[in-house]
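K.L.:
Position chain B relative to chain A; hints supplied.
Taken in order, these protein sequences are the chains called A and B. Under numbering that gives the first Met the number 0, the letters of the first sequence match residues 0 to 357, in that order. Under numbering that gives the first Met the number 0, the letters of the second sequence match residues 0 to 357, in that order.
Think of the hints as simulated: they come from the structure by calculation, not from any bench. One thing to keep in mind: the hints can contain errors.
Chain B side only, calculated, beta carbon under 8 Å to chain A, not exhaustive [unchecked claim]:
1. A180
2. W278
3. L305
Below, computed lysine to any residue pairings styled on SDA-like, alpha-carbon distance capped at 20 Å [said to hold, decoys possible]:
4. A:K313 / B:Q228
5. B:K102 / B:L124
6. B:K313 / A:Y183
7. A:K324 / B:Q228
8. B:K313 / B:E343
9. A:K313 / B:P186
10. A:K353 / A:L21
11. A:K313 / B:E185
12. B:K313 / A:S227
13. B:K313 / A:K313
14. A:K324 / A:A346
We treat Cβ as the ideally placed atom computed from N, Cα and C, and that holds for glycine.
Number of protein chains: 2
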Amino acid sequence: MLEPVVGTEPARAGLPPEMTRLERMLCACRGEPTDRPPVWLMRQAGRYLPEYRELRARTAFLELCRDPELALEVSLQPYRRFGMDAVIVFSDILLPFQGLGLKLDFSPGPRVENPLRSERDLARLEGSVAEAMAPTCETIRALKAVLGDETAVIGFAGAPWTLAAYACETTLSRDLAVLNALSYREPALLDRMLERMAEITTESLRLQIEAGADVLQIFDTWAGTLSSQRYRRFAGRALGQVLAALPSPRPPLILFARAATHLIEELAALGPDVVSLDWRVDLQEAAARIGGRVALQGNLDPAALLAPAPEIRKEVERLIRAGRKACGHVLNLGHGVLPTTPVESVAAFVEAAKHGTP
Amino acid sequence: MLEPVVGTEPARAGLPPEMTRLERMLCACRGEPTDRPPVWLMRQAGRYLPEYRELRARTAFLELCRDPELALEVSLQPYRRFGMDAVIVFSDILLPFQGLGLKLDFSPGPRVENPLRSERDLARLEGSVAEAMAPTCETIRALKAVLGDETAVIGFAGAPWTLAAYACETTLSRDLAVLNALSYREPALLDRMLERMAEITTESLRLQIEAGADVLQIFDTWAGTLSSQRYRRFAGRALGQVLAALPSPRPPLILFARAATHLIEELAALGPDVVSLDWRVDLQEAAARIGGRVALQGNLDPAALLAPAPEIRKEVERLIRAGRKACGHVLNLGHGVLPTTPVESVAAFVEAAKHGTP
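So here's chain A without its partners, still in its complex pose (with noise of 0.2 Å):
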């Protein structure tokens, strides 16, 4: 089923030929030089291109997720086409429930069936991460299979406050109506619920460790709704546990949190090595902010991405200028590839990050 993977770029002028995608990625994400900044696209694999479409026409995204040979072939699939310096596991953050007795529902939305509201939903979590996780796990033993010392594997795992927040609220809306209630009308519960999903965070990408994964990547995708005071009580106390349980030394580990520009001084006080930065902020003023003490990832508008390729390539060349100022630069999208953009798009993005100067 797999064919062979796209060659490594040939060595340019004044530059260590010898650097490959895996050491430019991990480079920068300790904030070392580099020969440019490395990049990758959060979804890079998905709705966007055909091949992914096809396999998804037959197959269930969970049963993507949960079939090994079927996850390598999609977490391939873009590499394929494009020879990112990163390939990301195809899963999803939500997969450890399965093995906690929590019902997943994916039509289309994330929708866990049976919510955790009580200290009683609390108590009945019980049960394997690392057998849920095992499919995952067995897919990025894979994938290192396949790229060998080449290009950088990324696991990843959402935190416990996004976590929390699909555990217990049914509907997903931007209000978080339940979790927020909880976080005014029960503190000690929701704090007892964020531990809960903190081992579940921190199991997750433990396991991710042992297969192989590069480099880690933990999701905040609902961070974004707290104010930094209510962040640090919640959400951020309980990723300062994740960090804090994880091995040391660990492989890096990237922070992405959407819709937290308010955020980037928390996130970055974490002590991640990279801090994700989704578009709504500049990347040069977010170096001023936080870029002395943490690399960044980011940040073009997943929207640019319609744009025709002259403006992608000059997009590209600004964000790299700005990510000079950071101590460390990985390039990606400011959050996932729109199942609207064209793979067309995709190709000016990743060319036009290669043939950027450090």
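P.N.:
Just chain B now, with coordinates in the frame of chain A:
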């Protein structure tokens, strides 16, 4: 159908006893001294009120907006219970679309059935905003007849960017895929669309001024999806056209944008009297950033009204202290009242606000 509205508050020692709710609201918006910050709540007439739910059980949302007698009743429902300093007219930002041939559907979210996506679509946008806004204007006149010079009546409209979002998307998701695609692919078409929306916003506000609105609020609900640079280029530019086209002098104008912590400098620069903050930003920090230029409105987390009353009072006191750093503070939530909010919590919020000192 109308019951007598609640009376004025008793005079308080050492303060001018003659400050009406209307005066308090106008002074705060203009950055002039008040005996205490005025208070009202976005979506104060809404589903958290049993008397509203009772009416809605019999009457569709749009019918309520279009029936001045019912809209008057609904506008006054929260005022009768809580005696806020301002009553916002019960209407909807999309109402003007009905006069221009756009078909609205509210089941349950707002949706335009025949979206605007081309020059041709724009050309067919003909008709009368005045006709569509007539019921709202009549409601404003009725509110003024009931409330006299006692209490502020707020008229409102959607900002051009937000109107354009509703006009061109069919299912409005946080991605704004169609609007964003336009902005990157056909910026000239989007400019013309935004110009047309700016005319609609202006006309709607002008009519409400004529009907007697004491204060205006512009809702730019979807502005927060833009980076500062793109906000200036699109949403801000169109909003600037509105502000320039309104009659002078005009009633104080409040500008609200959701999830726009990164844009508050841009909002203040447009020259409204008040910037309405969502709950993500610390009011004191916002005052430091822009509070010398404009008054501030806000910004309790709507979910905080799910907390016990003592917590709510503490939060209001904190907000009042923070608001002293701004030149003018209107107490409000950071967004609309959540439908699950207990009525007693709104009572606690308004009561705490009334006991605040300037």
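K.L.:
Tell me, in ascending order, the numbers of any earlier hints that this structure violates.
P.N.:
13, 14
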